[in-house]
Amino acid sequence: MTVKGRVRVAIVGAGLIGIDLIEKIQRSEALDCRLVVGRDRQTLCLRRAAEMGCATAAGGIVSLLESGLGFNVVFDASNADCHAEHWSRLQATGATLIDLTPAQLGTMVVPTVNGADALAHRHINLVSCGGQAAIPVLHAIAQHSTIEYVEVVCTGASASAGRATRLNLDHYIETTQAALRAFTGAEDVKVMVNLSPAQPAPPFRVAMTVLTPGVQLDPIRATVEAAAGKVRAFAPGFAVTSCAVTDGRISVVVEVTAEGGRIPRYAGNLDIINAAAVLLAEQHPTIRSR
Amino acid sequence: MESPVDKAMNTQASRVLIHDPTLRDGHHAVRHQLDRDQLRAYAAAADAARVPVVEVGHGNGLGASSLQIGRAKLSDTEMLSVVRDALTHSRMGVFMAPGWGTSTDLRNAVSRGADVVRIAAHCTEADVTERHLVVVGELGAEPHGVLLMSHMASPDQLAEQCALLAEFGAQAVGIFDSAGYYLPADVTERITAIVEAVDVPVPVLFHGHNNLGMAVANSVAAVQAGARIIDGTARGFGAGAGNTQLEVLVAVLERMGHSTGIDLRAILHAADTAQERLMPAPPTIDSVSLVSGLAGVFSGFKTPVLETARREGVDPVEVFFELGRCQVVAGQEDLILDVARQLKEM
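In order, the protein sequences belong to chains R and D. Residue 1 is where the first sequence starts when you use our numbering, and the numbers rise one by one after that. Residue 1001 is where the second sequence starts when you use our numbering, and the numbers rise one by one after that.
Mixed in with the good hints there might be a few duds.
[What the hints assert, rightly or not] Short, incomplete list of chain D residues facing chain R, as computed with Cβ under 8 Å:
no., residue
1, Gly1099
2, Thr1102
3, Glu1125
4, Val1128
5, Ser1154
6, Gln1157
7, Glu1307
8, Gln1327
9, Asp1334
If you are wondering where the hints come from, they were derived from the structure by calculation, not from laboratory data. Glycine residues also receive a C-beta, built at the ideal position from the N, C-alpha and C atoms.
Just chain R, with the same shape it has in the complex (with noise of 0.2 Å):
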């Protein structure tokens, strides 16, 4: 049954990020979660989507086209090495696609940052969730300042990390180093990715370094508190824990947290990249125009 007036959706990919973001779209006015597709009818989460009221198939992108079903947008939260054959099937349905896997295929879209007018292109790629943790602030930061490098290293708990993440860590670290140099300006850049199996799992956690000359840490704090801010108004768990400049060199620390209920509190990493996701479709022209 469809909802009117409301953004057809669907979902490729029934991993841990699948699971949360079924469970965004559900919670969202403005979304219809039609269908979610995934590689294998046994998997664990494409049975818990059914369990959670939606239709589900099990042939990946074929079953999403053969479906008959109509979608506005289309989220690709599979892999990296499959999403760009995903994209050339979608293309002539005139569907949007938003991708987290990082394939670095769209255009990079941080919705702090160029959210605004992102459902303009047909095909947006969320960079990563290390990406959306730190764009917003690092770009804040580079308003202010020439950046001569920058470092992110992200930790994420073990047990958020599903097989997709682990097989495209190199994929995971080019794109983000590339959205790094296009949001920052900067040349020299460098991301580095940890996994913590500490128990209790620690939040996701994103510790960024600034090389910049004749930095002052008091407006430094405040633009990083301000655009903190603003992401927390769509990833309610997102905070600044430390913030710090000595020497030319500016320190930040944020750590996420999931807010919602069938993921660990510690997966920070999948709740930022599909509340992002969410916030986007939700700027889709069926809901502008209703």
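Given chain R's structure and the hints, the job is docking chain D onto it.
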């Protein structure tokens, strides 16, 4: 079914292959600042001693030069070129952990002449290595799969994770005692479990640290349990209290009847060269290193912990105990300042 001991005896019982990461792990002790002449001098001396594999790189391996872990004086490419040119017999080794480096770094290293490539993961996260082990194999180098901070997992978990590494294509698999936490019985139990879980053609390796003064004894225990590749560094030059001391290891193994193929006099000369050229002083088990081992914290944290503790005016011993309580893993240096500040506020 043959027992693990029989299995070990059947795989070239008396031969032990020594893998020498002096020019990689030692970098932790000198903030990754070795220069060309230093690399060249030691690589040539190790080569003359017929050390089978000479490993080089930033302390945390390819791609790890960073503000987080420490910036190296030389780029990966510069280090590899210098050492490659200095080696005539020894094979060149490199180390990379997915998340710190990428396949781009691997392709560069192999194109610069790396023969043996170790792909590392935290001891419970072996599945992050799959792609990179495959890439190394495709590039024609010898892939090894290694588990860091292995005291944080049970023998069964380590055996399971090592079997995964072998499944992904690793031609040698094993464990690093990155914190220097083990006693010989711990090593015996773990290596035995791993040897049993991994098929015979894949040798098992062990990499020790000396925080509790056990590195050589632990390496002997590893060999007795069936390990066939053992890491050692000249004078023990390495992170924290240092590694298994290479020249001692060679002497002990030869006395036990294991052949290493290394010339004793030449390795003594290489160790002297290392002491003269690479280090301000040979590693020692100072109080902070002892605590870092007891607390089970990555040995590479020593220098950054000392610096942060001094700056924040807190006791490095307490910082190490707290980091251990937080179960930090290698690469999480950004937590050191948080922990130091929390202690300061207490």
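Hints, one by one, checked against the model:
1. Interface hint at Gly1099/D: satisfied, since its Cβ lies 4 Å from the closest Cβ of chain R, which is below the 8 Å cut-off.
2. Annotation: Thr1102/D was flagged as interfacial toward chain R, and the flag holds, the nearest CB pair being 4 Å apart, inside 8 Å.
3. Using the Cβ-Cβ criterion of 8 Å, the hint placing Glu1125/D at the interface with chain R is satisfied: the shortest such distance is roughly 5 Å.
4. Against a cut-off of 8 Å between C-beta atoms, the interface hint on Val1128/D holds, since the closest Cβ of chain R lies about 5 Å away.
5. Because the beta carbon of Ser1154/D sits about 12 Å from the nearest beta carbon in chain R, more than 8 Å, this interface hint is broken.
6. Interface hint status for Gln1157/D: violated, as the beta-carbon distance to the closest one in chain R is roughly 10 Å, over 8 Å.
7. Given hint, Glu1307/D at the interface with chain R, is violated; its Cβ is 13 Å from that chain's nearest Cβ, farther than 8 Å.
8. Of the supplied interface hints, the one on Gln1327/D holds, with its beta-carbon coming within about 4 Å of a beta-carbon of chain R, less than 8 Å.
9. For Asp1334/D, the interface hint holds, the least distance from its beta-carbon to any beta-carbon of chain R being 4 Å, beneath 8 Å.
Hints 5, 6 and 7 from the earlier list are contradicted by this structure; the remaining hints agree with it.
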